[in-house]
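Student: For reference, the chains in residue letters:
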Amino acid sequence: MDMFSVIKKCQIGFFVLIIIYSCSSQPSGNVPVIDKYPNLDPDYSGLIIPPNIAPLNFMVKEVGQAYVAHFSVGSEILLKINSGDGKIQISESKWKELLTNNKGKEFKVDIFVKDNLGKWSKYKTVTNKIAGEPIDKFLFYRLIHPGYESWSKLSIKERNLENFEEGSMIENSVAEDNCVNCHAFNNGKTDDFLFHMRGSQGGTYFYTNGKFIKVNLKTKEMKNGAVYPRWHPSGRFVAFSSNKIVQQFHSADNKKVEVSDLESSLLLYDKEKNMIMNIDITGKEHSMDTYPEWSPDGKSLYFCRAEQIGKDYDYSKIRYNLFRTSFDPEKLKFGEPEMIFDATKIDKSMSFPRCSPDGKYLVFTLADYGCFPIWHKEADLYRVDLQNLTTQRLDLNSTFTDSYHSWSSNSKWLIFSSKRLDGMTGRPFISYIDNNGNSSKPFVLPQEDPEFYLGFLKSYNIPEFSTFQIDLHPGDIRELAKSKAIQALQGKS
Amino acid sequence: MILVQKKMVKINFNKFPILAIPYGLSFLFLTVYFAVFDPQLLIYQEKTSLFIFSSDFLHENLRQPGGILVYFTKFLTSFFYYPVAGSIIVSLVITLIVLTTSEILHCLTGKKNIYRAFIFGIGLFYLQTNYQFLFLYNLGLLLQLAVFLVSIRYSSQLKGSIPVILAPLCVLVTGGFVWIYLWMTTLTLILQWNKKALVKGVALLTLLSVTFYISAHFIYFQSIKTLLLYPFSSAVEGVKFEVYFAIVGTITLLPLLAKVKFSLPKRYQVSNAVMAGITFPNFVVALVAIGIIQFDRKTRDYFEVEKLFSQEKYSEVIAFNTAHPSLNMLTIFLNNVALCETGKLNDQLFHFPQMPDGSTLFLKWEMKGEVLRRGAYFYYAIGLVNEAQRWAFENMVMKGHTSEGLKMLIKTSLINGNYEMASKYISILKNTLFYRKEAAHFEQFLFNDKLVASDPDLGEKQKIKVKSDFFVISDDPYINIERILVTDSLNRKAMDYKLAYLLLKKDVKNIAQLLPKLEGYGYRKMPVHIEEAALEFKVLKMGPLPQPGNLTFTPEIEIRWGDFIVTFKGFNNNLQAAEPTMRSKFRDTFWYYAFYR
Numbered sequence: 001m002d003m004f005s006v007i008k009k010c011q012i013g014f015f016v017l018i019i020i021y022s023c024s025s026q027p028s029g030n031v032p033v034i035d036k037y038p039n040l041d042p043d044y045s046g047l048i049i050p051p052n053i054a055p056l057n058f059m060v061k062e063v064g065q066a067y068v069a070h071f072s073v074g075s076e077i078l079l080k081i082n083s084g085d086g087k088i089q090i091s092e093s094k095w096k097e098l099l100t101n102n103k104g105k106e107f108k109v110d111i112f113v114k115d116n117l118g119k120w121s122k123y124k125t126v127t128n129k130i131a132g133e134p135i136d137k138f139l140f141y142r143l144i145h146p147g148y149e150s151w152s153k154l155s156i157k158e159r160n161l162e163n164f165e166e167g168s169m170i171e172n173s174v175a176e177d178n179c180v181n182c183h184a185f186n187n188g189k190t191d192d193f194l195f196h197m198r199g200s201q202g203g204t205y206f207y208t209n210g211k212f213i214k215v216n217l218k219t220k221e222m223k224n225g226a227v228y229p230r231w232h233p234s235g236r237f238v239a240f241s242s243n244k245i246v247q248q249f250h251s252a253d254n255k256k257v258e259v260s261d262l263e264s265s266l267l268l269y270d271k272e273k274n275m276i277m278n279i280d281i282t283g284k285e286h287s288m289d290t291y292p293e294w295s296p297d298g299k300s301l302y303f304c305r306a307e308q309i310g311k312d313y314d315y316s317k318i319r320y321n322l323f324r325t326s327f328d329p330e331k332l333k334f335g336e337p338e339m340i341f342d343a344t345k346i347d348k349s350m351s352f353p354r355c356s357p358d359g360k361y362l363v364f365t366l367a368d369y370g371c372f373p374i375w376h377k378e379a380d381l382y383r384v385d386l387q388n389l390t391t392q393r394l395d396l397n398s399t400f401t402d403s404y405h406s407w408s409s410n411s412k413w414l415i416f417s418s419k420r421l422d423g424m425t426g427r428p429f430i431s432y433i434d435n436n437g438n439s440s441k442p443f444v445l446p447q448e449d450p451e452f453y454l455g456f457l458k459s460y461n462i463p464e465f466s467t468f469q470i471d472l473h474p475g476d477i478r479e480l481a482k483s484k485a486i487q488a489l490q491g492k493s
Numbered sequence: 001m002i003l004v005q006k007k008m009v010k011i012n013f014n015k016f017p018i019l020a021i022p023y024g025l026s027f028l029f030l031t032v033y034f035a036v037f038d039p040q041l042l043i044y045q046e047k048t049s050l051f052i053f054s055s056d057f058l059h060e061n062l063r064q065p066g067g068i069l070v071y072f073t074k075f076l077t078s079f080f081y082y083p084v085a086g087s088i089i090v091s092l093v094i095t096l097i098v099l100t101t102s103e104i105l106h107c108l109t110g111k112k113n114i115y116r117a118f119i120f121g122i123g124l125f126y127l128q129t130n131y132q133f134l135f136l137y138n139l140g141l142l143l144q145l146a147v148f149l150v151s152i153r154y155s156s157q158l159k160g161s162i163p164v165i166l167a168p169l170c171v172l173v174t175g176g177f178v179w180i181y182l183w184m185t186t187l188t189l190i191l192q193w194n195k196k197a198l199v200k201g202v203a204l205l206t207l208l209s210v211t212f213y214i215s216a217h218f219i220y221f222q223s224i225k226t227l228l229l230y231p232f233s234s235a236v237e238g239v240k241f242e243v244y245f246a247i248v249g250t251i252t253l254l255p256l257l258a259k260v261k262f263s264l265p266k267r268y269q270v271s272n273a274v275m276a277g278i279t280f281p282n283f284v285v286a287l288v289a290i291g292i293i294q295f296d297r298k299t300r301d302y303f304e305v306e307k308l309f310s311q312e313k314y315s316e317v318i319a320f321n322t323a324h325p326s327l328n329m330l331t332i333f334l335n336n337v338a339l340c341e342t343g344k345l346n347d348q349l350f351h352f353p354q355m356p357d358g359s360t361l362f363l364k365w366e367m368k369g370e371v372l373r374r375g376a377y378f379y380y381a382i383g384l385v386n387e388a389q390r391w392a393f394e395n396m397v398m399k400g401h402t403s404e405g406l407k408m409l410i411k412t413s414l415i416n417g418n419y420e421m422a423s424k425y426i427s428i429l430k431n432t433l434f435y436r437k438e439a440a441h442f443e444q445f446l447f448n449d450k451l452v453a454s455d456p457d458l459g460e461k462q463k464i465k466v467k468s469d470f471f472v473i474s475d476d477p478y479i480n481i482e483r484i485l486v487t488d489s490l491n492r493k494a495m496d497y498k499l500a501y502l503l504l505k506k507d508v509k510n511i512a513q514l515l516p517k518l519e520g521y522g523y524r525k526m527p528v529h530i531e532e533a534a535l536e537f538k539v540l541k542m543g544p545l546p547q548p549g550n551l552t553f554t555p556e557i558e559i560r561w562g563d564f565i566v567t568f569k570g571f572n573n574n575l576q577a578a579e580p581t582m583r584s585k586f587r588d589t590f591w592y593y594a595f596y597r
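Chains A and B supply the protein sequences, listed in that same order.
Residues in the first sequence are numbered from 1 upward in steps of one, following this note's numbering.
Residues in the second sequence are numbered from 1 upward in steps of one, following this note's numbering.
Think of the hints as simulated: they come from the structure by calculation, not from any bench.
So these bits of chain A aren't anywhere near chain B, every CB distance computed over 12 Å:
1) Gly46
2) Ile77
3) Lys94
4) Asn102
5) Asp110
6) Trp120
7) Asp191
8) Thr208
9) Arg236
10) Lys273
11) Ser295
12) Thr325
13) Asn388
Computed beta-carbon distance windows for the label pairs:
14) Gly417/B - Asp395/A: 26 to 36 Å
15) Lys541/B - Cys179/A: 52 to 62 Å
16) Ile293/B - Cys179/A: 41 to 51 Å
17) Leu169/B - Lys157/A: 28 to 38 Å
18) Gly298/A - Leu169/B: 50 to 60 Å
19) Gly417/B - Gly118/A: 30 to 40 Å
20) Gly562/B - Ser316/A: 48 to 58 Å
21) Leu205/B - Glu479/A: 14 to 24 Å
22) Leu58/B - Asp395/A: 34 to 44 Å
23) Leu58/B - Asn254/A: 27 to 37 Å
24) Ser584/B - Cys179/A: 53 to 63 Å
25) Asn102/A - His59/B: 32 to 42 Å
Every value quoted in this text rests on a predicted model; they were computed, and no experiment measured them.
Where a beta carbon is used, it is the ideal one built from N, C-alpha and C, also for glycine.
Produce the complete structure using the sequences and hints provided.
Tutor: Encoded structure:
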């Protein structure tokens, strides 16, 4: 017998052993049922999920020596997954098949656990529903340490939601570690995209139809720089808020950072004319206006407004309300502001207004005070019905910060940043919004390794949907970053 | 004589381990030096770096060319945890550089001459005696020399393409250090000056340009400067990079120097053995001289203090500083924290030199430098847990994980009851080489409020943790103490620091005003320096002395005050003339500080 024959026989024997072991490690016969739902991490149970989402891999957090997950629709088991450590990782192709063939249906997940005595048990069946409406294919976010004032490596990432591919779009390491922030798309429909860079290579970087330019939006007439952006649906204008921001650090109460505006106003940038101008809205002299948001038809501008604070202000008494004003893109004129939501009346403060692309709803963040809720544990998402201006707290909220949010292009999915997993790092959660504007139980962005979030220390900042992939690589801004920014012109409002 | 020389040239290194003796002796000398006389190098570099077994950590290090070298360096630096292992590694790298340089010379000249190579070794030893001179620099140099040696030794293999093929590999593995290899190889090819060399040179430069282009556009998203230089950085204060550049520059000229025929007149020519007899003792003398000159007791003492402090051996910190007095601000800062943690801050404050501006008590916020790494200790001591966590977190963001930083993040998260975050930090610590035990220790506290509350350190800090919310002023740490005490009448450690600061400010009046409150903060006796200040206030009749409750002046203090005054008057109240005597007798008192600082 030659060496190769021996190896071949050993291999066969090895595979036979594996098969025998596999057979014995499957639940069979009458498996006793434990009267409780399995503890899954992430909690992927009772969900409505998009038909094109990446596999929802999870950990079974129950004590045992072997685990089996059965995925079934009706009485047919479509997927069986074995695991020795409770890690259930689903084949992408089989998962895709499961979802695309069963749109609008429920699928069940049965979890079997073999205890340390070798006995199998089954937990109560977990049920999830596959929605008919897909989610936008791409998600963009900034990865940043949920820290205080320093940063080192910052990046704006692009994640394909249909699988686990993640790529870098912007890395600050190509630009002397400058801070990159406030990336914004034009409703994720076109490739209008911008972000700010602060530091030695500072400027606002606009990307349109494959062309990148760097603009210095701050003119000598402006007191503060352009900060929070929103694209006008036409792609010609961008509304910014111009803020003077202070950051302070709490000593107690499990609070960390307080970010407040000392003053703020709204700006309009005309991209075609490279011209920036103040937005003149009645009452702006004694108000702090911030967080602009366009209606999907571009005829209205929503924004948050608080009373202008004085020198000896109390940060915990600053309250922002939701306002709306009309906009005439031809004459560049804004109308009289009307209050849409009076947060002050309920002793709260609102921020981040975001309209659904179908124009039916607006979702904002409500917190106890101020305009920077990402550090507010009590921050929750609320929905305004723009037909009748009624407001409702969404069911997707948790006892931790639920904040920055973005709509999918079909207005059916809302992604938002939540700190519910550890109280500190922001994670993207996705929720289905039904025709009545109600939200489903949210689920965290799936990862290939279901234990990923346990060890990952950075936050997912400003999650934004997009329907297309941007052909942009971090190396592309290297030269531009070094170049001098085009100076914006000051226009008259 | 000539015969002897010829014999020496033919000596096969493997067959005559006698030639290994200089290497062995040098290695031994360096190992003993770094382990015994210069352990600060090992402590500093180990404490500012942490190797983590995780794909994230690997990925983070591979983001730039040279990342593999950095990754490997961090792995080796982990072993600095044990001074003997660390000193062996550091010494081995220097010795290997000498050996490799010697082998390069051998390849280029056909002669073995280890003595020229030893000169470089002496220079590198000199540099490495500076604790801030990263071990990475020598390791990077060693790898370049090793690759160059391979390239010239096997230059005829693979149709002479070895030197060209190795270049992109060098870029990926060692990053900016590749310039050493590139220059040595280019110089070698120039000196060959024939058609083959020209082709190789063109191929080398083309391949490197392509590598660089691909790196810049598709693999590494870094600035051009980083792509060209990383991981080398000369932005380290206190390191004499001109010496490093001179050594590296000379080494890169070896291909040229090897061509230079230098021979002494016949009457001065000696055999290699004789040459060895003359030169090697000189090298030994040079090594010893550098060792003595570079021996820095202050720095060594500081790092010993830092090591004891990180082990929370506060009494030993104080004892060490008592035995080895230091003027280093950071040493005294750590000592003051140790004094506070052991309840002796205002009993022994003036046993150690102090800065009147309070900078030995607390560090002002500073994003760069060494302050950020240590500032958290003060806030942790007084129970300002959020701020301690902030300093540790910011340091982690700016400079990456360190063992001490992670421990602070774990402790503050446990105290705040944020077990999820504590669990994250513990899992990182668990994936290190030598901090697993500590991680396991912390792990038992997860989701166990009772255990946290009963722990001598965590429980104590949880009790004094600041409950009132205010905005922390990092630029003026003293204000934070005032803000704590406005609402918290039980935080004795904050009161200790307030009193200490008032002592440094010689603010006897305010100290006297605080006397009635001391019992409420848990003082059972007046701290020695407070007693001294209060007695001064009383004797010098600076105002009516508020009643300190049951706290009374001890007779010893009154006797000592009498002695102080008598001694001073003995010099006719002449401050200057009295100073030496006053210093020898009273330098550990508030009175001396008040008179002379």
